[in-house]
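Trainee: What follows is each chain in one-letter form.
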Amino acid sequence: MTTTVGQRPAGAKPATIPARRRRSAWTVLRENVVWVVAALALVYLLLPNLVVVLFSFNKPNGRFNYTWQRFSLDAWLHPCAAPGMCESLSLSLKIGVVATVVATLLGTMIAFALARYRFHGRAGSNLLIFLPMATPEVVMGSSLLTLFVSMGIPLGRVTILIAHIMFCLSYVVVTVKARIAGLDPRLEQAAADLYANEWQTFRRITLPLVAPGIAAGALLAFSLSFDDYIVTNFNASNASITFPMYVWGAAARGTPVQINVIGTAMFVLAVLAVALGQLAGRRRSRAH
Amino acid sequence: MSSAAGLGGGPPAGSPAAAARPGRRFAGVPYFLLLPGLLWLGVFFVVPMLFLLSQSLQTGTLETGYRLTFHFATYTDALSQFSRQFLRSFEYAFLATLLALLIGYPLAYAIALKAGRWKPVLLVMVVAPFFTSFLLRTLAWQTILNSDGLVMRFFRGTHLISLTSALGWTNGNQLLSSPLAVVTGLTYNFLPFMVLPLFASLDRLDPRLLEAAGDLYATPLTAFRRVTLPMSMPGVVAGTLLTFIPAAGDFINSQLLGNPKTAMIGQVIEGYFLRINDYPTAAALSFALMVTILVLVSVYVRRSGTEELV
Amino acid sequence: MRPRRGQDSSNTGPTGVASASGDLVLSSLTKRFGPFTAVDGLDLTIAQGSFFALLGPSGCGKTTTLRMIAGLEQPTVGEIRIGEHEITYDKPYRRPVNTVFQSYALFPHLSVRENVAFGLKRRRSDSVASQVAEVLELTELQGLADRKPAQLSGGQQQRVALARAIVNKPAVLLLDEPLGALDLKLRRQMQVELKRIQTEVGLTFVHVTHDQEEAMTMADTIAVMNAGRIEQLGAPAELYELPATTFAANFLGQSNLIRATVAQRQPDAATVALPDGGLVAVPSGRLPAGIAEVWVGVRPEKISVHEAADRADPAGHTAGRNRIPAAVVTDASFMGVSTQYLVRTPWQQELMVFEQNRGGATIFRPGDRVSLSFATEHTFALDAGQDAEAGIELDEALG
Numbered sequence: 001m002t003t004t005v006g007q008r009p010a011g012a013k014p015a016t017i018p019a020r021r022r023r024s025a026w027t028v029l030r031e032n033v034v035w036v037v038a039a040l041a042l043v044y045l046l047l048p049n050l051v052v053v054l055f056s057f058n059k060p061n062g063r064f065n066y067t068w069q070r071f072s073l074d075a076w077l078h079p080c081a082a083p084g085m086c087e088s089l090s091l092s093l094k095i096g097v098v099a100t101v102v103a104t105l106l107g108t109m110i111a112f113a114l115a116r117y118r119f120h121g122r123a124g125s126n127l128l129i130f131l132p133m134a135t136p137e138v139v140m141g142s143s144l145l146t147l148f149v150s151m152g153i154p155l156g157r158v159t160i161l162i163a164h165i166m167f168c169l170s171y172v173v174v175t176v177k178a179r180i181a182g183l184d185p186r187l188e189q190a191a192a193d194l195y196a197n198e199w200q201t202f203r204r205i206t207l208p209l210v211a212p213g214i215a216a217g218a219l220l221a222f223s224l225s226f227d228d229y230i231v232t233n234f235n236a237s238n239a240s241i242t243f244p245m246y247v248w249g250a251a252a253r254g255t256p257v258q259i260n261v262i263g264t265a266m267f268v269l270a271v272l273a274v275a276l277g278q279l280a281g282r283r284r285s286r287a288h
Numbered sequence: 001m002s003s004a005a006g007l008g009g010g011p012p013a014g015s016p017a018a019a020a021r022p023g024r025r026f027a028g029v030p031y032f033l034l035l036p037g038l039l040w041l042g043v044f045f046v047v048p049m050l051f052l053l054s055q056s057l058q059t060g061t062l063e064t065g066y067r068l069t070f071h072f073a074t075y076t077d078a079l080s081q082f083s084r085q086f087l088r089s090f091e092y093a094f095l096a097t098l099l100a101l102l103i104g105y106p107l108a109y110a111i112a113l114k115a116g117r118w119k120p121v122l123l124v125m126v127v128a129p130f131f132t133s134f135l136l137r138t139l140a141w142q143t144i145l146n147s148d149g150l151v152m153r154f155f156r157g158t159h160l161i162s163l164t165s166a167l168g169w170t171n172g173n174q175l176l177s178s179p180l181a182v183v184t185g186l187t188y189n190f191l192p193f194m195v196l197p198l199f200a201s202l203d204r205l206d207p208r209l210l211e212a213a214g215d216l217y218a219t220p221l222t223a224f225r226r227v228t229l230p231m232s233m234p235g236v237v238a239g240t241l242l243t244f245i246p247a248a249g250d251f252i253n254s255q256l257l258g259n260p261k262t263a264m265i266g267q268v269i270e271g272y273f274l275r276i277n278d279y280p281t282a283a284a285l286s287f288a289l290m291v292t293i294l295v296l297v298s299v300y301v302r303r304s305g306t307e308e309l310v
Numbered sequence: 001m002r003p004r005r006g007q008d009s010s011n012t013g014p015t016g017v018a019s020a021s022g023d024l025v026l027s028s029l030t031k032r033f034g035p036f037t038a039v040d041g042l043d044l045t046i047a048q049g050s051f052f053a054l055l056g057p058s059g060c061g062k063t064t065t066l067r068m069i070a071g072l073e074q075p076t077v078g079e080i081r082i083g084e085h086e087i088t089y090d091k092p093y094r095r096p097v098n099t100v101f102q103s104y105a106l107f108p109h110l111s112v113r114e115n116v117a118f119g120l121k122r123r124r125s126d127s128v129a130s131q132v133a134e135v136l137e138l139t140e141l142q143g144l145a146d147r148k149p150a151q152l153s154g155g156q157q158q159r160v161a162l163a164r165a166i167v168n169k170p171a172v173l174l175l176d177e178p179l180g181a182l183d184l185k186l187r188r189q190m191q192v193e194l195k196r197i198q199t200e201v202g203l204t205f206v207h208v209t210h211d212q213e214e215a216m217t218m219a220d221t222i223a224v225m226n227a228g229r230i231e232q233l234g235a236p237a238e239l240y241e242l243p244a245t246t247f248a249a250n251f252l253g254q255s256n257l258i259r260a261t262v263a264q265r266q267p268d269a270a271t272v273a274l275p276d277g278g279l280v281a282v283p284s285g286r287l288p289a290g291i292a293e294v295w296v297g298v299r300p301e302k303i304s305v306h307e308a309a310d311r312a313d314p315a316g317h318t319a320g321r322n323r324i325p326a327a328v329v330t331d332a333s334f335m336g337v338s339t340q341y342l343v344r345t346p347w348q349q350e351l352m353v354f355e356q357n358r359g360g361a362t363i364f365r366p367g368d369r370v371s372l373s374f375a376t377e378h379t380f381a382l383d384a385g386q387d388a389e390a391g392i393e394l395d396e397a398l399g
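Protein chains in written order, with the working numbering: chain A, 1 to 288; chain B, 1 to 310; chain C, 1 to 399.
Just so you know, these hints were derived from the structure itself, not from any lab. All C-beta atoms in this analysis are idealised placements derived from N, C-alpha and C, irrespective of residue type, glycine included. None of the hints are false.
Derived pair list, reagent style EDC-like, types lysine to aspartate or glutamate, alpha-carbon separation capped at 16 angstroms:
| hint | chain 1 | residue 1 | chain 2 | residue 2 |
| --- | --- | --- | --- | --- |
| 1 | C | K91 | A | E198 |
| 2 | C | K169 | C | D126 |
| 3 | C | K195 | C | E140 |
| 4 | B | K114 | A | E31 |
| 5 | B | K119 | B | D203 |
Here are the in silico distance ranges between beta carbons for each label pair:
| hint | chain 1 | residue 1 | chain 2 | residue 2 | range |
| --- | --- | --- | --- | --- | --- |
| 6 | A | L46 | B | R117 | 12 to 22 angstroms |
| 7 | B | L79 | A | L46 | 36 to 46 angstroms |
| 8 | A | L29 | B | V299 | 37 to 47 angstroms |
| 9 | B | D206 | A | A239 | 50 to 60 angstroms |
| 10 | C | G385 | B | R225 | 52 to 62 angstroms |
| 11 | B | Y217 | C | L186 | 32 to 42 angstroms |
| 12 | B | Y217 | C | P35 | 40 to 50 angstroms |
With the Cβ distance kept under 8 angstroms, some of the chain C side facing chain A (calculated, not the full set):
| hint | residue |
| --- | --- |
| 13 | A70 |
| 14 | L72 |
| 15 | P92 |
| 16 | Y93 |
| 17 | N98 |
| 18 | T99 |
| 19 | F101 |
| 20 | A105 |
| 21 | F107 |
| 22 | H109 |
| 23 | F118 |
| 24 | G119 |
| 25 | R122 |
| 26 | R123 |
| 27 | R164 |
Given the sequences, and given the hints that come with them, work out the whole structure.
Mentor: Here it is, written out as structure tokens:
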């Protein structure tokens, strides 16, 4: 990795350096120091993913999947063999989907209100959107717990869902709002000029153009919900174990290889989706 | 990014009002759009905060019930008892933020200004960790740092381990279960949150500005100090906040990669709520954490002069 | 504040779009933004089927006028009618008016074909496909119908914007600086094309521009706007030859304006005294009534430069030509088709002179003593109460 990116020259030096001197290894290193650090940073970022993938093919000796023993496809062939794991995965997916739909809907509505209207209470609304993003999860989770306990609301799927929608909402708002703000207002004026009424303009012009922002917000919401442990842990019961909770429990009891299979599968799916998206985008722009 | 053509989806938003221009006609529309979402945040974010505050001033037990007695002593007791964990949380969060900035800035800089057509690929590589559950990735650090791993062998071979042990960053002859491992994990987990806003602000920088600075006799270092760095300040502020806030409240890393002596305040809050069931103490610590972070953040944002983050 | 909505059901089609036709009439149209008056009591009738240009510097109110006709802005006072049909407060999508937006505002997610069909579909028109095909042919876009706007050149995008508007056969087509984003060569080409298309479809075109050349090339009638008002209205040649205000004289081309005092006012001829006391003739009909002080104006290309006479006489007039005998060339720049001179008069004013290079004529050099002459019929006179510089800096600032 270091070499492939390292080959690209650092930016041209400004004219203050006269003729090209003989470049020592040290000079080369110094000129490419940004790339060296960047490459190391990428290694740092991606190494754990690599380990997760690699260890999905491991056959550990004991209960813990921490040291490499030998190659095996067992976990891939029997992904649900780890007791309770597939149930927790399905719960996480369900909660993720519902939380995403609700948070995206509510968040998109707020984003339109904030991006398109001047009204009393705008600053206050912005603050209310910002605060959940500036609050540590442990505080959000514990405060919701006190609410649910005081009101006598039983913990479980519903309380998890409520919490997930709450902390996903702000991220959707911020993502969609940015997209709306980047929209050329003349496009909507042009639609009105071409006989589209307010609803048709929204349906045919505004919504399709904001859609990538909404999609990005929804993806973000889903990944936040699917991956959340801290808030969930405060608002779940023993009967509602999400996938992150299952992994957490496994870390103490023994880590089945199957959790790595799930992690790897999600990783591969996401990379494929991104690659396909990029490819489609490139083909579209090259379709001259 | 490509245009919207393929993505027809998205939920049907409730109103056609979006087509109207700002500040005109139906005064009720924005409130109608805001109401459900803000109500949700009000009921499930603001109200719980009040419950948390109230809980922290109550006395009683979970079995017999709590009564609001304005028992402020819970705060002084809890904070004096857990002052070490409290301070340690901010110390680790600060270290992780600093490290993430030092590592993340060159990365964001390289992607934004030097990567050329590799930019999208490198960006995906920065986001890629998110594609796998963060708990799994944190567990992976146990594998990476364990005593048979390559990293450990390198540390042992170079006797770095003696140095880190002498500094108190590691204990004994291992990397895991140490402050070093916890800070490594924290930095790792929140690094993308640092890189992405940095990238966003550096990507907006016109490379011709740097050429102009060079033309005006600035060395590359001066150009960086006088042009690049000031112009990327919004990204620095956003990135440090996005790293510091979750890091200060985190307990996953200290739990999975640390030892009892690296416990952070999140762990204490979690334990007091869910295992010891001492709600007032846990609520007091939680509320104190929230207030401390809000104060720190508002001071920081004000001093850095970028109040338009929201 | 908002009177009746101009919705005469007998006049609206099945989708509520008025199907009015006739002249476009603006009556005392006014738009204020807070204390600022952008458009100030505009009265204007634009004949059906004409190519009309609103010409003025940025901030003169021409775009606001256009947006009020399009329905994107509501007038503070006044009325807009098309024929007998009032549309002042109709929503944009209910008026038979279409716009070619500045920088086009093409829908990026729709193909050329879908962009062009957009208006027809909203009005649930019949035979959308054939109408679209027809207009794509008219604008020479047949081969590009399935491309997205991002895959088109600037000139092609401009044509799509035009096609998207004219396919609806609006009673009035509005063009907001339609050629501003194109380079010079393409702009010239599109000017000819626009004029051709307008003649072919016979729609009323209202064209807003700050480019005097563009306005003069295409429009049948030009209204010169300044500070929310119309300074002068007329055919391009008429405006150019006989500007009515110093602003029009300077904004449309360039003018030499010389301070003068009316000396003699008679039905068939009038004379005015230049600063050196010499008398020059002005067609008496052009002399503003009841005014003693005037600006005498002449266009630079109307002045001829001759070798100086021996005697330094004051200005005078003989045989239908006004003369300034004693002048000195201070600057000469050779421009290819012409030579531009700056010539200093005895009263220390620098006049601009464009001399065609027909070959054979002497090219003078700075310091040469020369005499100037220009035909009486090319001389005009404006009220000296106006600023002689009005319209100059704006024209330069906008290129």
